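Novice: Construct the complete structure from the given sequences, taking the supplied hints into account.
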Amino acid sequence: MKKAYVRPLDLRHGSVDLSHGGGGRAMVQLIADVFGRAFDNEWLRRGDDGAVLPAPAPGERLVVATDAHVVSPLFFPGGDIGCLAVHGTLNDVAVMGARPLYLAAAFIIEEGFPLADLSRLVASMAAAAREAGVPVVTGDTKVVEKGKGDGLFIATTGVGALPGGRDLSGANARPGDAVIVSGTVGDHGMAIMAQRENLAFDSAIRSDTAALHGLAAVAIDAAPGLRLLRDPTRGGLAATLNEIAQQSAAGIVLDEGAIPVDPQVAAACEFLGLDPLNIANEGKLIAVCPAGEADALVAALRSHPLGARAACIGEVIADEHRFVQMRTAFGGRRMVDWLAGEQLPRIC
Amino acid sequence: MKYVDEFRDGGIARGLAAAIAREVQPGRRYAFMEFCGGHTHAISRYGVADLLPAQVRMVHGPGCPVCVLPIGRIDQAIRLALDAGAIVCTYGDTLRVPASAGLSMLRARARGADIRMIYSAADALALAQQVPQREVVFFAIGFETTTPPTALVIRQAAQLGLGNFSVLCCHVLTPAAITAILESPEVRQLGSVPLDGFIGPAHVSTVIGSRPYAHFAEEYRKPVVIAGFEPLDVMQAVRMLVRQVNEGRAEVENEFTRAVTEDGNLKAQARVSEVFELRREFEWRGLGLVPYSALRIRPGFAAFDAEVRFGLDYRPVPDHPSCECGAILRGVRTPVECKLFGTVCTPETPMGSCMVSSEGACAAHYTYGRFRDIPITAEA
Numbered sequence: 007m008k009k010a011y012v013r014p015l016d017l018r019h020g021s022v023d024l025s026h027g028g029g030g031r032a033m034v035q036l037i038a039d040v041f042g043r044a045f046d047n048e049w050l051r052r053g054d055d056g057a058v059l060p061a062p063a064p065g066e067r068l069v070v071a072t073d074a075h076v077v078s079p080l081f082f083p084g085g086d087i088g089c090l091a092v093h094g095t096l097n098d099v100a101v102m103g104a105r106p107l108y109l110a111a112a113f114i115i116e117e118g119f120p121l122a123d124l125s126r127l128v129a130s131m132a133a134a135a136r137e138a139g140v141p142v143v144t145g146d147t148k149v150v151e152k153g154k155g156d157g158l159f160i161a162t163t164g165v166g167a168l169p170g171g172r173d174l175s176g177a178n179a180r181p182g183d184a185v186i187v188s189g190t191v192g193d194h195g196m197a198i199m200a201q202r203e204n205l206a207f208d209s210a211i212r213s214d215t216a217a218l219h220g221l222a223a224v225a226i227d228a229a230p231g232l233r234l235l236r237d238p239t240r241g242g243l244a245a246t247l248n249e250i251a252q253q254s255a256a257g258i259v260l261d262e263g264a265i266p267v268d269p270q271v272a273a274a275c276e277f278l279g280l281d282p283l284n285i286a287n288e289g290k291l292i293a294v295c296p297a298g299e300a301d302a303l304v305a306a307l308r309s310h311p312l313g314a315r316a317a318c319i320g321e322v323i324a325d326e327h328r329f330v331q332m333r334t335a336f337g338g339r340r341m342v343d344w345l346a347g348e349q350l351p352r353i354c
Numbered sequence: 002m003k004y005v006d007e008f009r010d011g012g013i014a015r016g017l018a019a020a021i022a023r024e025v026q027p028g029r030r031y032a033f034m035e036f037c038g039g040h041t042h043a044i045s046r047y048g049v050a051d052l053l054p055a056q057v058r059m060v061h062g063p064g065c066p067v068c069v070l071p072i073g074r075i076d077q078a079i080r081l082a083l084d085a086g087a088i089v090c091t092y093g094d095t096l097r098v099p100a101s102a103g104l105s106m107l108r109a110r111a112r113g114a115d116i117r118m119i120y121s122a123a124d125a126l127a128l129a130q131q132v133p134q135r136e137v138v139f140f141a142i143g144f145e146t147t148t149p150p151t152a153l154v155i156r157q158a159a160q161l162g163l164g165n166f167s168v169l170c171c172h173v174l175t176p177a178a179i180t181a182i183l184e185s186p187e188v189r190q191l192g193s194v195p196l197d198g199f200i201g202p203a204h205v206s207t208v209i210g211s212r213p214y215a216h217f218a219e220e221y222r223k224p225v226v227i228a229g230f231e232p233l234d235v236m237q238a239v240r241m242l243v244r245q246v247n248e249g250r251a252e253v254e255n256e257f258t259r260a261v262t263e264d265g266n267l268k269a270q271a272r273v274s275e276v277f278e279l280r281r282e283f284e285w286r287g288l289g290l291v292p293y294s295a296l297r298i299r300p301g302f303a304a305f306d307a308e309v310r311f312g313l314d315y316r317p318v319p320d321h322p323s324c325e326c327g328a329i330l331r332g333v334r335t336p337v338e339c340k341l342f343g344t345v346c347t348p349e350t351p352m353g354s355c356m357v358s359s360e361g362a363c364a365a366h367y368t369y370g371r372f373r374d375i376p377i378t379a380e381a
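Protein chains in written order, with the working numbering: chain A, 7 to 354; chain B, 2 to 381.
Hint data in this document are derived by calculation from the structure and do not stem from the laboratory. Source: prediction; values computed, not measured. From the three backbone atoms N, C-alpha and C, an ideal C-beta is built for every residue, glycine too. Be aware that a few hints might be false.
[Stated by the list, open to error] Facing chain A, a subset of chain B residues (Cβ under 10 Å, in silico):
1) ASP10
2) ALA14
3) ALA18
4) SER45
5) ALA50
6) LEU52
7) PRO54
8) VAL345
9) PRO348
10) ARG373
Specialist: Quick look at the structure:
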């Protein structure tokens with residue numbers, strides 16, 4: 007008899023079953039062969055219940071952000087739930103002005119989920135984490151019965167270090183400030199919509215999912231007076247600008263003609279009756295800075311591959327009613343409101 | 002976008018605005034009703050009102066399919082899903098319209114009703130083929146634009162001999178609604194709603210043509226200009242209406258010549274009359290019972306008529322007593338004149354149908370225009 011023989015996981019044709027979440031040898035094997043192998047680092051190798059991390063440098067503070075990812079479909083043009091789960095959380099840490107350091111990840115897997123898909127998604131996630139230079143230091147795996155989940159959900163938590171004195175809160179916008187976006191809006195949401203079965207249309211629209219901490223660092227360096235950064239995800243540019251207006255107790259006036267929109271996204275919005283300003287992004291920043299620093303900030307963003315189409319799109323005004331308004335390209339004015347209801351569920 | 006951007010050009014808009022400003026006569030007021038929600042939406046979204054002189058007032062009409070759908074019809078669809086266990090397929094906006102007993106189709110869904118949002122009638126038919134063991138009902142709403150696709154799926158279902166597909170037909174007719182507005186006491190006798198002309202429907206007219214409006218121009222002496230849904234179309238139509246009023250004419254003119262002919266789409270009309278016939282009367286939200294204003298499925302296709310198949314009876318349900326949707330749909334009130342607007346009635350928690358669809362007068366004003374009404378704010 008071979009000692010402690012374990013049949014290797016069939017990563018080609020096998021699928022996840024309830025035993026993979028049961029706490030037994032099958033679970034240990036799944037964690038080691040799929041997750042451990044992909045994310046491999048000193049913390050995971052220890053096999054403890056948690057990761058022991060060094061304290062931040064003196065004067066620095068910790069930033070923690072968490073994000074659950076339930077996107078459908080799991081694979082979409084430009085990305086998948088794996089890299090999205092890394093980018094989504096890293097970006098929340100990055101727009102706080104922090105340097106992302108570590109990630110934690112929890113996987114909720116539906117019984118019957120193909121191991122081939124799981125390992126592909128975990129590989130994509132590991133590649134995204136490695137590219138960003140942020141290790142996944144601890145994690146958890148749960149398996150739910152068939153029909154109780156939809157393939158795979160991933161929740162991630164990110165930790166970052168915020169230098170002393172830096173404060174990029176959404177409450178910092180001041181009348182006269184410039185509002186800047188780092189590129190075209192609506193790409194991620196429209197890439198997902200184009201894949202939905204009851205809506206499928208042919209397009210070359212790709213999700214913009216990307217880790218933004220590099221671009222955020224460029225913005226922080228270029229504009230010493232930078233007030234705030236945000237990533238306009240669900241609800242799109244419109245929702246995020248309304249949040250900023252609410253937090254800062256100010257109004258915002260946008261110039262429609264200045265907002266970059268990919269022509270394919272604009273066309274898809276046109277025939278679906280949607281507004282690109284309401285559509286989710288996963289790789290764009292909104293920056294608010296004093297008007298005098300706007301040109302330098304836009305130029306710096308444009309020098310970075312993720313900010314090539316950065317543009318100044320409007321200004322902050324004094325408005326006790328906190329309206330976000332827009333000068334339309336047509337020559338009129340209108341409000342840019344929050345989205346009412348749900349445009350499309352499970353976009354990220 | 003080719004064929005779209007040309008009709009949203011700011012430079013041309015400024016030129017048209019200047020032309021309209023030159024042509025309006027000093028001291029004269031012009032009130033035009035844009036019948037369609039599509040026009041209402043364009044006016045709000047592009048800020049067209051900012052480019053019109055103060056003397057020109059746009060009155061929002063009832064041409065929003067979701068807005069005119071009475072509560073009783075939504076109740077029927079909800080009962081089909083909750084009580085009869087059918088899969089009910091519907092266009093998205095309908096999901097949020099408030100129905101009886103604190104329900105909407107969206108809330109019914111949370112209670113277990115199988116209600117699905119679709120983008121085309123053909124999706125409902127395809128679903129029925131995929132799940133032969135389930136009853137699939139298409140909740141068919143809309144004006145003449147959406148009627149031909151419904152006629153087609155009913156014909157296809159008949160050809161395929163589908164035994165599990167039916168249609169809850171709530172299709173309504175534009176000319177009957179315009180007549181109801183022109184015959185309403187506010188417009189006819191009291192003169193409390195001055196109406197100097199209509200911007201006629203864009204998409205509806207591609208199907209029915211421009212001929213059906215001749216009656217209004219002649220009989221009621223109201224100019225009608227059929228216009229596309231782009232903002233420049235609306236401005237050009239306003240200019241044409243101003244000219245007609247100034248010259249004392251009341252004619253049907255067609256601004257939307259790139260899509261609308263006098264006869265309309267004869268093939269579509271033939272399909273529609275093969276499958277549908279006129280209802281003697283139909284309840285509209287805001288307009289009440291309007292004679293010969295809606296379609297029902299002909300007896301020859303009764304197997305696909307959900308009202309027949311499930312033995313549905315229609316129970317009218319009154320609107321919320323404070324909701325002004327009815328008056329707003331007739332052009333008698335504006336959204337801000339409703340005391341529910343922006344307080345308890347918002348797009349998140351609509352009390353009336355006009356706050357639901359993006360084509361509804363209240364939703365359009367709330368979403369795009371309410372910064373003009375300061376001090377109404379988003380926060381309660």
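Novice: Hint by hint, note whether the structure agrees.
Specialist: Okay, the hints, checked on the actual structure:
1. Checking B/ASP10 against chain A: minimum C-beta separation of about 8 Å stays under 10 Å; hint holds.
2. Interface restraint check for B/ALA14: the shortest CB-CB distance to chain A comes to about 5 Å, inside 10 Å, so the restraint holds.
3. For B/ALA18, the suggested interface contact is upheld, since its CB lies about 7 Å from the closest CB of chain A, less than 10 Å.
4. Interface hint status for B/SER45: upheld, as the beta-carbon distance to the closest one in chain A is roughly 6 Å, under 10 Å.
5. Interface hint at B/ALA50: satisfied, since its Cβ lies 7 Å from the closest Cβ of chain A, which is below the 10 Å cut-off.
6. With 10 Å as the threshold, the beta carbon of B/LEU52 comes within range of chain A, its nearest partner Cβ sitting at about 6 Å, so the hint holds.
7. About 14 Å separates the beta-carbon of B/PRO54 from the nearest beta-carbon of chain A, more than 10 Å, and the hint is not met.
8. Because the beta carbon of B/VAL345 sits about 15 Å from the nearest beta carbon in chain A, more than 10 Å, this interface hint is broken.
9. At about 3 Å, the closest approach between the beta carbon of B/PRO348 and any beta carbon in chain A falls short of 10 Å, and the interface hint on this residue holds.
10. Satisfaction of the interface hint for B/ARG373 is found here, the shortest Cβ-Cβ separation to chain A being roughly 8 Å, below the 10 Å cut-off.
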